[in-house]
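**Student:** Here is what each chain is made of, one letter per residue.
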Amino acid sequence: MLFNEPSPLEVKVLSRRFELPNSASIDTFLANDGYKAFMKAVAMTPDDIINEVKASNLRGRGGAGFPTGMKWSFVPRNADKPKYIVVNADESEPGTCKDRVLMENDPHQLLEGILIAALAVGAKAGYIYIRGEYRYLIEIMDKAIAEAYSKGWLGKNINGTGIDFDCYTHSGAGAYECGEESALLESLEGKRGIPRIRPPFPAVSGAWQSPTVLNNVETYCAVPSIILNGGKWFADLGTPKNGGTRMFCLSGHVNKPGVYELPMGFNLLRMINEVGGGVWHGRKLKAVVPGGSSCPVLRADECDVAMDYDSVAKIGSMLGSGGVMVMDETTDIVRVALRTMKFYQHESCGWCIPCREGTTWLKKLLQRFDDGHGQSSDVNLIGEVAKNMLGRTFCPLGDAAAMPTIAFVEKFRHEFEAKLAVAPGSFEDSSRLIQVV
Amino acid sequence: MADLVNLTIDGRPIQAAPGTLVIEAARTHGIEVPAFCYVPGFSLQAACRMCLVEVEKMPKLQTACTLAVGEGMVVRTDSPVIKQARKSMLELLLTNHPLDCPVCDKGGECELQDMVFAYGAGESRFTEVKHHVDEKQFSPVVFFDAPRCILCYRCVRACNEGMGVGALGVVYRGVVSEIAPSHGDHLECDECGQCIDICPVGALTSESYRYKARPWEMNHTGTICTHCSNGCKTTLGVRNDHILRGNNRDQSGINGDFLCIKGRYAFDFTHHPERLQSPLLKVNGEFQPVSWSRALLAVAKKFGEVKAAGGKFGVVGSNHTSNEENYWLQKFAREVLNTNSIDHHRTGDLPTFFDALSGRTDALATVADLYNTKAALVIGADLSQQQPLLAYQLRANWRHHQAAIYTVTEGPVRERKYARQMRIAQPAQQMDAVESLRTELASHGELVILFGDTIKGDAIRRLVAFGDSLGVPVKYVCLVDYSNSRGAADMGLLPDLAAGYHAAASTPGLTLPEMLGATDLDVLWVVGANPLAGGASFAASNAFVVVQEMFMTETAKRADVIFPAASAYEKDGTVTNVTGEVQQLRRALKTMGTKPDLEIFGSIAKEMGIRDFIPANPEAVFDQIRANVRGYNVPLPILRTGGAALTMPVNGRVPVASRPDLVQSNRDTLFTSGSLGRYSDKLNNVMERDRVRLYDSGVTAP
Amino acid sequence: MTFSPELEQRIQKLMTSYPPGRVRSALIPMLLYCQDELGHISEELMAECAQRLGLSRLQVDEVIGYYSMLHKKPWGKYHVQVCTNVSCLLRGAEDLMEHAKQTLGVGHKEMTEDGIFSLEEVECMGACSWAPAVQINYDFHHNVTPEMLDQLLSGIRQSRQKVQ
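Those sequence lines, one after another, are chains A, B and C.
Sequential numbering of the first sequence, starting at 1, is according to this note's numbering.
Sequential numbering of the second sequence, starting at 1, is according to this note's numbering.
Sequential numbering of the third sequence, starting at 1, is according to this note's numbering.
Do not rely on the hints blindly, as some may be mistaken.
[Said to hold, decoys possible] Sample of chain A residues facing chain C (criterion: CB under 7 Å; computed from the structure):
no. : residue
1   : PHE66
2   : GLU133
3   : TRP208
[Stated by the list, open to error] Computed beta-carbon distance windows for the label pairs:
no. : chain 1 : residue 1 : chain 2 : residue 2 : range
4   : C       : SER154    : B       : GLY184    : 36 to 42 Å
5   : A       : ASP142    : C       : GLY107    : 34 to 40 Å
6   : B       : PRO18     : A       : ALA43     : 39 to 45 Å
7   : B       : GLN15     : A       : ARG77     : 32 to 38 Å
[To be verified] Here are the computed lysine-lysine pairs in the DSS-like style, where the Cα-Cα straight-line distance is at most 30 Å:
no. : chain 1 : residue 1 : chain 2 : residue 2
8   : C       : LYS109    : C       : LYS77
9   : A       : LYS284    : A       : LYS241
10  : B       : LYS417    : C       : LYS13
11  : A       : LYS83     : B       : LYS417
12  : C       : LYS162    : C       : LYS101
13  : A       : LYS156    : C       : LYS13
14  : C       : LYS72     : B       : LYS136
15  : A       : LYS232    : A       : LYS191
16  : B       : LYS87     : B       : LYS60
17  : A       : LYS342    : B       : LYS87
18  : A       : LYS342    : B       : LYS60
19  : A       : LYS364    : B       : LYS302
20  : B       : LYS87     : A       : LYS411
21  : B       : LYS60     : A       : LYS364
22  : A       : LYS191    : C       : LYS101
23  : B       : LYS130    : A       : LYS342
24  : A       : LYS314    : B       : LYS60
25  : A       : LYS81     : C       : LYS13
26  : A       : LYS81     : B       : LYS417
27  : A       : LYS364    : B       : LYS87
28  : C       : LYS73     : A       : LYS191
29  : B       : LYS302    : B       : LYS557
30  : B       : LYS83     : A       : LYS387
31  : B       : LYS60     : A       : LYS241
32  : C       : LYS77     : A       : LYS364
33  : B       : LYS57     : A       : LYS54
34  : C       : LYS109    : A       : LYS191
35  : B       : LYS417    : A       : LYS191
36  : A       : LYS364    : C       : LYS109
37  : B       : LYS282    : B       : LYS307
38  : B       : LYS57     : A       : LYS241
Quick caveat, the hints were computed from the structure, so don't treat them as lab data.
Built from N, CA and C at the ideal position, the CB exists for glycine as well.
Throw the hints in and build the complete structure from the sequences for me.
**Tutor:** Take a look at the structure:
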């Protein structure tokens, strides 16, 4: 089932089977290139597979954008321990709802991607870590896994290739932090989702202290098409160093919100106006959070940007997980900043001081501001507390909370000042609080 | 050794072994890098973010506690960025901290106070409402005040990794994350208080000390715990002759950072309401408080009469009194009272053990050896209950060096969590079980064997022969029960052996059961022992009984004269622990009306007019011990500065027959301590006391 | 404890889904599935899970407190979760939450007196492009208006009455 009408501007690679009847069934899948890429990969060497993925310029779709082929190449060839494939389906970044669509509409594409990753590193088992709220998707994936077993695409001697691979789903139980790869592994091991000290990285010591490939759902889903059509084909769909297409989740104040598969580097304004049908109610655009709530906000005048990792980074934000949150001219930025911080405060695991205490302080500060009790010195304080968290926390959650906050204050300082308890007199120099890189 | 790594910290060229953490490399060279969560020896957390340093070519600040040194690394710990980072970290840390320093136990010795003083800001910009949680009592000895907690997870690791108990964890998440006890609203554990000791702030506090005093109001005296045989140093905080707390704040003893409930809390017997504080004389069947001179006169008169008449004396010594007292007591008995009828409660078969070793001076393991040995075998003891320091050392050894641990016991013990092999065997079958492990035991290049009272008499000879046949160096620990059990035997509180395991001159005297059973004893003199505990009877109904005691024990009740004795915490002297390491007792307080046993001995001798037997002081007696007891000629500077010196009191055979029938451990748990333990409310009030059994270790997965 | 055959089967499958010696991995899904059947995580259930996986009570407790979907207190038969995170906020989630409070007469993390409904303001549930979103137990409802919510809630009430 699809949630939104597709857009004619989409380039459908990962979503190409979505509109087929019974798109989630293995029969539909097999009738439409299903498991062909896997069979092709069986004939390739692990190095060839990894090189093909490298050539595709596929970068991690979870948010960090690390080159996937390189990540796979870090897994030691000769390890005494078993190796594992782990899928991060803990989709929790506010603004992001693409993995849901991918698993719901084409679960076998994910399984095929997992199998190819297993071939590339020599893994014999895979675990799909799905957030607990997505119970119906666990059922869909379980059904797909059962179908794959019954048709010989999982288990012993897959389709006569001599390859063995077992795949399991694993339910989370409500924790944004478990989307962080090492916290996810802790959770997979039945523990609190506290990130691990790195090094060692999961490629060397991941699930159960064994070498592990850990990628986002969308990343694995891109792999079959890359193997089938070649890395260069995929790379050419996007911009240099940013291969392929991207599942963008358009939300907020647009006429046609939805999940759209667009080529990397697609212009943000076009995305809003042409794919999303423009800002709703005929209003003007105020701001866009381009990649999930962890990414610094863009002012309307910054939105003429190509949506790829490097271009968005160049203007001080991030492509993140593809959650594009559009805000019209009526949006209360202080309220958005508060809601964002409430989220991070709620989800901070509490392990390290700056994140645990910083998110709490900021939430209280912003709440006071929103309640109309802000003081002029607080405007700078918000930025400074956020700055004191930045780059100093145990895991990226602290940065994810700090960066958008700094951007909100910096770019919409006047909105904060307008909410002060006392009408603003002379303010401190409103120079930039921090240079966001 | 691998080549050293060259790096620069704050402009200083530094060399360190590969794998060294930057924080250690810096500290080794006197560069202070602050940290709350980093504790050497425990797992790394990187949680407090206080140890952030700048490293060239690394874009983000790095935690020095997780970063290993690298060749050519350039580290800065003193830059403006780092100063700002530390300051902001402390500001964040204090946002939800109650800042109740004026009433906090930790005030004055709080790491958070020190850090804020050194690195923090003078003012806070935090004006919001603080998160508050009410204080909780985790157990009769442990309180937890969550708002003070900085979540450094030291307590969790001390309990889980250090103690192998895992009774503390973290519940909830984010800012409401909280340290929680094993059973929801309460704690079931060893009650060792390690969590309190390691807490850098006043979050975990002890029932005995909380809200009692400021740290600077106390005098601190480092002495040796008077309970079990392990010989842990405990530092007693004393104000107005009251002990307010015990800990090992300077981590200087053989126990390093370890103390169990006994060393930490079970000092409270010193002020038990039933403590004897005046000499008592039995008049018409009733005890009457009398002056010291009157009591001494009565005893000296009786001793003199019986001695003159050639009457029969029986003398029972103690497992808790000092070496000086024990040495003096047996010398007085043998040379003044002309009797070899002197004995004590034997909890390990030391004479047979030393005879079996025949003076091999390299065959005794020290407490430190247990941390370093590649392999250890525990026979017939529930180590974590009976010998908590030794268990702690083996656990740390396993954690840090993956030592191979083997156990042969009557039932499951905590060591099974990490033991290579755990054999369950009844005492009579234990040596057979040991034999079955021969190949494995011989495979590690060295071995330490610890054995309890199930191995005695010929079984010890069999065990030592087995050890000799393994072809690897083997060291032994003969496990005994109490703080000076080893010293009591070494000093000659034995009817057939004088000090240093020399054959007693003239015929051997009566053993302890023989003394109790003899009907013709004229005098029974009991010093710091309770042979009539548990309803044992004393046959010589007409005997004159003199007792030196702290409490009105079963034995004291039978006395004609009772002298109120000082405890080990109220005297100077030396004691010898289970591994044969002799250490210094230091007087921490004086309890009114009591005297150290050595002083009482001197007073009796003086009253009897025997000038040669009035000891000047414990030091003078120890000089005699050094001269006369083999192995005790230890370097005095080590002893006097709080060190421990290994003693090997025998060089050759021990010229007596084994008496395994006289050896019986009291089988105390962590929460019992013979007769002495009955007078510690702390030990008696913990809920585990009646629940914990030896060989009943429930173990969960790591 | 005795579970339904389906749950027991599910637990057995979970306990064999992980590498040898790693049965602890089953803990979080096990707690969640048991909670679904039993309504909440009781002391008895904690003990049962601890025993089956060779853990201490505390190790189970630590995990329960960490995950926001696991709860030791009973919730309503129908747990109404209103997302108010940014994407939903932009499309009226705050009003929707307020409406839910009024309609149900309970606040955040509270349960109706009859035990049928409980209400929770939750974090992003992955329905951002179809905001505002509400999850009732595990069922997603998209583009929810106050009127739709009323229909959903009254539908549940009616179907329950029919059953009775």
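**Student:** Hint by hint, say whether it matches the structure.
**Tutor:** For each hint, the structure was consulted:
1. PHE66: violated, 22 Å
2. GLU133: holds, 5 Å
3. TRP208: holds, 5 Å
4. C/SER154 <-> B/GLY184: 36 to 42 Å: For B/GLY184 against C/SER154, whose Cβ atoms are near 40 Å apart, the range 36 to 42 Å holds.
5. A/ASP142 <-> C/GLY107: 34 to 40 Å: holds, 36 Å
6. B/PRO18 <-> A/ALA43: 39 to 45 Å: holds, 43 Å
7. B/GLN15 <-> A/ARG77: 32 to 38 Å: holds, 35 Å
8. C/LYS109 <-> C/LYS77: Holds, at roughly 13 Å.
9. A/LYS284 <-> A/LYS241: With a Cα-Cα distance of about 33 Å, the restraint between A/LYS284 and A/LYS241 is violated, given a limit of 30 Å.
10. B/LYS417 <-> C/LYS13: holds, 27 Å
11. A/LYS83 <-> B/LYS417: holds, 27 Å
12. C/LYS162 <-> C/LYS101: holds, 25 Å
13. A/LYS156 <-> C/LYS13: Within the cut-off at roughly 18 Å; holds.
14. C/LYS72 <-> B/LYS136: Given pair C/LYS72, B/LYS136 holds - Cα atoms ~20 Å apart, limit 30 Å.
15. A/LYS232 <-> A/LYS191: Violated, at about 41 Å.
16. B/LYS87 <-> B/LYS60: Roughly 17 Å between the alpha carbons, so the hint for B/LYS87 and B/LYS60 holds.
17. A/LYS342 <-> B/LYS87: holds, 25 Å
18. A/LYS342 <-> B/LYS60: holds, 26 Å
19. A/LYS364 <-> B/LYS302: violated, 82 Å
20. B/LYS87 <-> A/LYS411: holds, 27 Å
21. B/LYS60 <-> A/LYS364: Holds - the C-alpha atoms of A/LYS364 and B/LYS60 are around 27 Å apart, at most 30 Å.
22. A/LYS191 <-> C/LYS101: violated, 34 Å
23. B/LYS130 <-> A/LYS342: Within the cut-off at roughly 16 Å; holds.
24. A/LYS314 <-> B/LYS60: The given pair, whose Cα atoms are some 19 Å apart, holds under the 30 Å limit.
25. A/LYS81 <-> C/LYS13: With a Cα-Cα distance of about 24 Å, the restraint between A/LYS81 and C/LYS13 holds, given a limit of 30 Å.
26. A/LYS81 <-> B/LYS417: holds, 23 Å
27. A/LYS364 <-> B/LYS87: holds, 21 Å
28. C/LYS73 <-> A/LYS191: holds, 21 Å
29. B/LYS302 <-> B/LYS557: holds, 19 Å
30. B/LYS83 <-> A/LYS387: Holds. B/LYS83 to A/LYS387 sits at ~15 Å (cutoff 30 Å).
31. B/LYS60 <-> A/LYS241: holds, 24 Å
32. C/LYS77 <-> A/LYS364: Measuring from Cα to Cα gives roughly 33 Å; hence the hint is violated.
33. B/LYS57 <-> A/LYS54: Within the cut-off at roughly 26 Å; holds.
34. C/LYS109 <-> A/LYS191: Roughly 25 Å between the alpha carbons, so the hint for C/LYS109 and A/LYS191 holds.
35. B/LYS417 <-> A/LYS191: Holds, at roughly 19 Å.
36. A/LYS364 <-> C/LYS109: Given pair A/LYS364, C/LYS109 holds - Cα atoms ~20 Å apart, limit 30 Å.
37. B/LYS282 <-> B/LYS307: holds, 22 Å
38. B/LYS57 <-> A/LYS241: holds, 24 Å
The earlier numbered hints that this structure contradicts are 1, 9, 15, 19, 22, 32.
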